[in-house]
Each structure stands twice: as C-alpha cells, then as structure tokens.
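> Heads up: the sequence shown at position 11 corresponds to 11 in the UniProt record's numbering, and the numbers run straight through without jumps.
Honestly, the hints are just simulated from the structure, not real lab data.
Note that the structure is a prediction, hence the values are computed from the model and not measured.
Be aware that a few hints might be false.
Said to hold, decoys possible - Under the rule of at most 25 Å between Cα atoms (straight-line distance), these lysine to any residue pairs were calculated in the SDA-like manner:
1) Lys96 with Val34
2) Lys39 with Tyr98
3) Lys39 with Lys96
4) Lys113 with Ile54
5) Lys39 with Arg56
6) Lys96 with Val83
7) Lys96 with Gly49
8) Lys96 with Gln86
9) Lys96 with Ile54
10) Lys39 with Leu121
11) Lys96 with Phe115
12) Lys39 with Lys113
13) Lys96 with Thr61
14) Lys114 with Leu27
15) Lys96 with Ser123
16) Lys113 with Phe99
17) Lys39 with Glu82
18) Lys96 with Ser73
19) Lys96 with Thr80
20) Lys39 with Val51
21) Lys114 with Pro103
22) Lys114 with Asp22
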Amino acid sequence: MKNKAAKQKSKRKGIVSAFGCDLTEYLQSSGQDVPQVLKCCAEFIEEHGIVDGIYRLSGITSNIQRLRQEFGSDPCPDLTREVYLQDIHCVGSLCKLYFRELPNPLLTYELYKKFTVRLNLLSWQGPKTSPVPKTSPVPTAML
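Construct all of the structure, not just a fragment, from the sequences and the given hints.
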C-alpha cells in the first residue's frame, strides 16, 4: 500500500489508483460508471470463473498482490495468463480487496438509514415501494 505522501504525489501527476480511493471521487475523475478493475474482473469471472466458491475461496496472496499491481499500471491487464487461470480465485479475491479498501462503505451510513426506513415501510405496506432510496446515481448504480 502507498503512504499518504505517495498518494498525494500520484494525484498531482494525474495517476489515480482505483484501490483505496473514494468511489464517487474516482468515478467522477475517470468518467466511468463502474471502476475498470471491477469490469475486467467481472467479465473474466463470467467467462472463466464458473466454479464453486469463486468468491468464497481466497486466491494465493502473492497472485492477488501481483494482479493489484498490474491494475495500477494497466487499466485492464491480461487476466488470461496462465498464473491467473490456474488460480482463478485470485480474481474474485481482488474484487473483494477492492471493496475492502474503499475508504467509505459502498452502502454509506446515510444510505443505511434510508434503507432501514424503506425496509420498515415495506414490512408494513408490502412490496409497493422500492427498497432502494432515491439518491445520487453514481455509487448506487453498482447496486
């Protein structure tokens, strides 16, 4: 992981890593609707990762870290390399790592309160209302 000074230096140079960056800030600066790392991993898993426990089982730590570094230098590295095909769980583990390193949870504390209010309404009114509160579409688009 980079230290704070290195992250600030990278931001000044225009290099913003998807890992450890606020999701809304990253999506706005990159112009993407979903982070490229998640798109690439999802496409790879849909094509090659139809195995039991793809997100439950962990990949080899060194492969996960290598893959994380590759995404730092290449927006969509070649995931079909033999090392990743042999350890297909490292791609699923990288997705989990991405979400763990977000500085703010995907379902923010503010959204959590809105969800609980909506779910309480649903339990009284039935499925007439949408459980997803109306908010900024950027981070909730991934839901």
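> Each hint needs a verdict: does it hold in this structure or not?
Hint check:
Of the pairs offered as hints, the one joining Lys96 and Val34 holds, with about 15 Å between alpha carbons and a cut-off of 25 Å not exceeded. Restraint check for Lys39 and Tyr98: satisfied, since their Cα atoms lie roughly 12 Å apart, inside the 25 Å limit. Of the supplied pair hints, the one linking Lys39 and Lys96 holds, its CA atoms being roughly 13 Å apart against a limit of 25 Å. Pair hint Lys113 plus Ile54 does not hold up; C-alpha atoms about 31 Å apart against a cutoff of 25 Å.
For the given pair, Lys39 sits about 19 Å from Arg56 by alpha-carbon distance, which is consistent with the 25 Å threshold. Annotation: proposed proximity of Lys96 to Val83 holds, straight-line Cα distance about 19 Å (limit 25 Å). Restraint check for Lys96 and Gly49: satisfied, since their Cα atoms lie roughly 15 Å apart, inside the 25 Å limit. A hinted pair counts as satisfied when its Cα atoms are at most 25 Å apart, and Lys96 with Gln86 qualifies at roughly 19 Å.
With a C-alpha separation of about 11 Å, the suggested pairing of Lys96 with Ile54 holds against the 25 Å cut-off. Of the supplied pair hints, the one linking Lys39 and Leu121 is violated, its CA atoms being roughly 34 Å apart against a limit of 25 Å. Restraint check for Lys96 and Phe115: satisfied, since their Cα atoms lie roughly 23 Å apart, inside the 25 Å limit. Under the criterion of a C-alpha separation no larger than 25 Å, the hint pairing Lys39 with Lys113 is inconsistent with the structure, at around 29 Å.
A hinted pair counts as satisfied when its Cα atoms are at most 25 Å apart, and Lys96 with Thr61 qualifies at roughly 13 Å. Our distance criterion of 25 Å between C-alpha atoms is met by Lys114 and Leu27, whose separation comes to about 23 Å. Distance restraint check for Lys96 and Ser123: the Cα-Cα separation of roughly 31 Å exceeds the 25 Å cut-off, and the hinted pair is therefore not satisfied. Of the supplied pair hints, the one linking Lys113 and Phe99 holds, its CA atoms being roughly 20 Å apart against a limit of 25 Å.
Our distance criterion of 25 Å between C-alpha atoms is met by Lys39 and Glu82, whose separation comes to about 20 Å. About 20 Å separates the Cα atoms of Lys96 and Ser73, which keeps this hinted pair within 25 Å; it holds. Of the supplied pair hints, the one linking Lys96 and Thr80 holds, its CA atoms being roughly 19 Å apart against a limit of 25 Å. A distance of roughly 19 Å separates the Cα atoms of Lys39 and Val51; the hinted pair therefore holds under the 25 Å criterion.
Distance hint between Lys114 and Pro103 is fulfilled; the C-alpha atoms sit about 20 Å from each other, no more than 25 Å. Our distance criterion of 25 Å between C-alpha atoms is met by Lys114 and Asp22, whose separation comes to about 21 Å.
Violated hints, listed in ascending order, are 4, 10, 12 and 15; each of the other numbered hints is respected by the structure.
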